[in-house]
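**Q** Residue numbers (our numbering), protein chains in the order written: chain A, 1 to 203; chain B, 1 to 339; chain C, 1 to 457.
Read the hints as simulated data drawn from the structure, not as lab findings.
No residue lacks a Cβ here, since even glycine has one placed at the ideal position from N, Cα and C.
Warning: the hint list may mix true and false statements.
[Claimed, not checked] What follows is a list of derived Cβ distance ranges for each label pair:
1) B:A329 to A:A12: 56 to 66 Å
2) C:P375 to B:E120: 37 to 47 Å
3) B:E38 to C:G381: 25 to 35 Å
4) A:K43 to B:T5: 53 to 63 Å
5) B:E120 to C:S290: 32 to 42 Å
6) B:K335 to C:A330: 48 to 58 Å
7) C:L338 to A:L45: 38 to 48 Å
8) A:V47 to C:Y262: 39 to 49 Å
9) A:H11 to C:V248: 27 to 37 Å
10) C:A433 to A:L83: 17 to 27 Å
11) B:D274 to C:G381: 23 to 33 Å
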Amino acid sequence: MLLGALATVRHALQSVARAMNRAAGWGFVVCSLLVTFDVLGRKFLGVSTQATVELTGYLLAFGIAFGLAHTLAERSHIRIDVLVMRLPLGLRQYLHLAAAALLVCLLGILTWAAWSLVEESHLFNAHDTSVIAVPMVLPQGLWAFGIAVMALFACVLTLEAMARLAVGDAAGVERLLGSRSLDDEAKEALEAAGTRTGAKETA
Amino acid sequence: AQSATSLPPGPKVSIITLTQPIPNVPQYTLVDKPWFGEELPKRSGGRLVIKTGTWAENSLSGPEILRLTRSGQVDIGAAPLTTVSGDVPLLDGVDLAGMSPDIQKARRIAEAAVPTANKELERVGVRILGVFPYPAQVIFCRQGFSSIADLKGRKIRTFGASLNDFVTALGMQPVSIGFPEVYSALERGVVDCAVTGSGSGNSGKWPEVTTHMTTLPLFWAVTAYYANLAWWNKLDPAVRGFLEANIKEIVDLQWKLGADGSADGIACNTGKADGCKIFNLVTKNPMTAVAAGPADQAQISKIFADTVLPGWVKRCGARCGELYNEVIAPISGVKYVAK
Amino acid sequence: MIAFLLVVLLVLASTIWAMFGGQALGLPVGELVLLAGLFLLFFGAGIYVAAALGLLGMLIGLMYSDRPFWLFLGQTIWAPSSNYVLVAVPLFLLMGEILLRAGLSEKLYRALNVWLARLPGGLLHTNIVSCAVFSAISGSSVATAATMGSVALPYFERTRYNTRMVLGSLAAGGALGNLIPPGITFIIYGLITETSVGQLYIAAVMPSLLVTLLFIAVILWHGLTHGRMQAPARLPLEARLRSLVDLVPTTLLILLVLGSIYGGLATPTEAAALGVVGAAIFALIEGRFSLRMLQDSAEATARTTALIGLILFGAYLLNFVLTSLRVPQAMAEMVSALPLPGWSIVALILLFYLALGTFMEGFSMIITTVPIVFPIIVALGYDPVWFGVVVTMMVEIALISPPDGTVMYVLQGMRPSGGPITDVFTGVMPFLAVYLLAVAILLALPEIALWLPRAMS
Ligand code: NA
Ligand code: NA
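Based on the provided sequences and hints, a complete structural model is requested.
**A** Rendered as structure tokens:
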């Protein structure tokens, strides 16, 4: 019951996270076009945005923050779990959960810190010092939002993992929190069993 | 008033200051480090324990110094007014491009503006204790020119909206690239020119990649010592008075260094050994200094009045225009007229 | 492991200091051991790297700082998030992803395979050489590893090259990014120590050649000891020449990026953006370009960037706390003050950088410690230009020394079918060893760095 509700929330958040990651990606495409325009414009047309440093910086901040949650959903954030993976699954699940809980702690701190920064910029009514004088609450607000979504997602993930642990679903915990390498190792094992073809050999 | 040379006994006060961009600028090695770090503790009879530091050592780049001080990470911070003007736009008006080629005048303007600036800053928990300049901010170029009129059409790396307005009015093309890339950009010709202090350019090795520099100061990178207001107000009045009196002396030294450093930077860059005492003498391909003629000076003043000042008021708001006319115009001699 | 080395080093150093009658250092050895232990525990227990770094920072701050350091954390993580110079990283990543989906990187490696396959080590050499070429345009090691990684990793996926050697060679190649001019580290070092950046660039030429050759030697050795017997039959010359056509697009792209920097059109950061547009144009010519493909490339870029970003958050948090407590500065002062002969002080300083590099970001490492260490180096009679090259090498080594190194994390994040991060750690070891060997050679023969600048002036 609770497990089902948590899984539904997680799925919903995963879709949001995927959409945000897509936006982050397009942000980098825009960034490339902006800089290219700036380089060619100043060389051949004598025009420039005059604020490329600021604008590309904001696109980077946006890109990092909006990709965070999806990267967690894809289980791509880096852990050094070599030792963990040598333990039996029963023990392993607790370490997965500990890692997730500590990640929630970090993200709680980061979200709070990012939000405080936005509030401070609001108090100052801060703008950047470029020609276009962007209000800092805009890029910083989007950035803080991206971090907050990852924090929320990590929370839900941890709760669901706890619920799974409670009902004894250790494999489920691993599916939620284990590194991506696990599935792939399984896949590789299957491939190694004989389906592998076409590998060009050299060294 | 509290004496600057002694302090009545009392509990120890430990202070953290973070004042200059990098550890090897003379503003730090010749003034802040020996004075805050050694002279003040000595004069205080050991009552003050002061740790000094620079932005870079703490991975800071400058615009965040107000907030650093405000949040109580340091007790006294320092950063150029224009650098932190994103947080408090009023501060930019103290050091606009073209406003004061004369360092005496620049000092009178800056000091007159401190009370007004403090009213604005105290709202966010910070207070200016004193202001000082960097060596004259000038233009370095990788190709020759004989007057600023020749600079028309060249690409110049700028920072901040006022400088941007200024170079645009000169007919130059402002380019926005990050500071760590400026050296290579000058070397390869991505930009033709860039602006920095005559001495800062020397420390940054710009003479290796540029050939000509202007000598007329565009602005002074006027910098302030900011104190965390809550800390400042809670200080023992004797300590506060002692600090106030000492910072007055420190600021005097900094203004002298600003004037000496400007000339010294030019001498060093142009390979004149006898005038080069503070920065490093350039022996290989010394630069050519281009002095401003009367026509250049007139053009710069006109750009300030017609473009830079109105541009700043537009960004900062009408109230900034009023405050400028009230406090700075009587010294700068240029009134802001709303259009 | 290296964190432990650091503690051992410190305890040793303070003992020596005490033996020579120095004053008590007041180093909290017990706490240091505790923290190093926690560091190891975090990594060993499979905690997310970002959480390990960041929470360690919080812990140290709460234990030792008398300032409300948490009030500044927002600014601390905003700085790397919006840093203009870091923008090059996702842009070069995006370029690599487009090249990959356009099939251009596959073509590149297939063509090279025709020429290199019979060499001991085969295509692994390409990783090093192409990284070296790319380093000549990029000033960032992470961007170098990311670009070449995104091109090479998918290709090697379908070969039976040793995964660890593939990852190790890419990480090592990435660690040439700053050493081969241009490099941002040299500019920062030049700024702090008032050393000529131009001289530093020239001085770095021979050492970077040395490091590159040592890397190639590692691969040759690997090739000779592993499966040399399976070398494929030699292809006829005509087929080999025909394969060269496949090199054309990538070569043109490299020329575009290189040329835009050397021709004064763009800065290295901007060149990354030109690279993206160029890659898209070549994809269009290949008939492989579509909005869908662009979106897939962009999404993959965003994922890898987020992975780096989160680690940067943790690293900057730790960094802020450590520097505001002046830990690196205090340790640098201590090492420098030891009453030992000159060469051993220098060796200790280099060891100190090696240790510091395990948990500090390269630039902050230089900026916080070089002002303290530099005067001592000069006083000992060492050349500032030489030291600049050596310090840059130490920064590069920090990036590829386990357990904490951004270059390794980036590569791990880009592996198409995952695998344990120890693959990267193990793979990089032989390269790390020869990198350290190169530093040792430079310590013994400073002329390797200094000869060229002198000859040219
Ligand atoms: Na490079
Ligand atoms: Na490392």
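**Q** Is 53 to 63 Å a correct range for the gap between the Cβ atoms of K43 of chain A and T5 of chain B?
**A** holds, 60 Å
**Q** Taking the beta carbons of P375 of chain C and E120 of chain B, is their distance inside 37 to 47 Å?
**A** At 41 Å between Cβs, range holds.
**Q** Can you tell me whether the CB distance of E120 of chain B to S290 of chain C sits inside 32 to 42 Å?
**A** violated, 54 Å
**Q** Kindly confirm whether 38 to 48 Å is satisfied by the beta carbon distance between L338 of chain C and L45 of chain A.
**A** Violated, at about 60 Å.
**Q** Is 17 to 27 Å right for how far apart the beta carbons of A433 of chain C and L83 of chain A are?
**A** holds, 23 Å
**Q** At the C-beta level, are V47 of chain A and Y262 of chain C separated by a distance inside 39 to 49 Å?
**A** For Y262 of chain C against V47 of chain A, whose Cβ atoms are near 24 Å apart, the range 39 to 49 Å is violated.
**Q** The hint says 27 to 37 Å between H11 of chain A and V248 of chain C; measuring C-beta to C-beta, is that right?
**A** Once the Cβ atoms are compared, 46 Å apart, the range 27 to 37 Å for V248 of chain C and H11 of chain A is violated.
**Q** Looking only at beta-carbon atoms, does the pair A329 of chain B, A12 of chain A fall within the given range of 56 to 66 Å?
**A** Given range 56 to 66 Å: holds, Cβ gap about 60 Å.
**Q** Return holds or violated for the Cβ distance of K335 of chain B and A330 of chain C against the range 48 to 58 Å.
**A** For A330 of chain C against K335 of chain B, whose Cβ atoms are near 54 Å apart, the range 48 to 58 Å holds.
**Q** Within 23 to 33 Å or not, the Cβ separation of D274 of chain B and G381 of chain C?
**A** This hint holds: roughly 30 Å between Cβ atoms.
**Q** In this structure, is the beta-carbon distance linking E38 of chain B and G381 of chain C contained in 25 to 35 Å?
**A** Given a distance of about 28 Å, which is inside 25 to 35 Å, the answer is holds.
This entry does not satisfy hints 5, 7, 8 and 9, going by the numbered hints stated previously.
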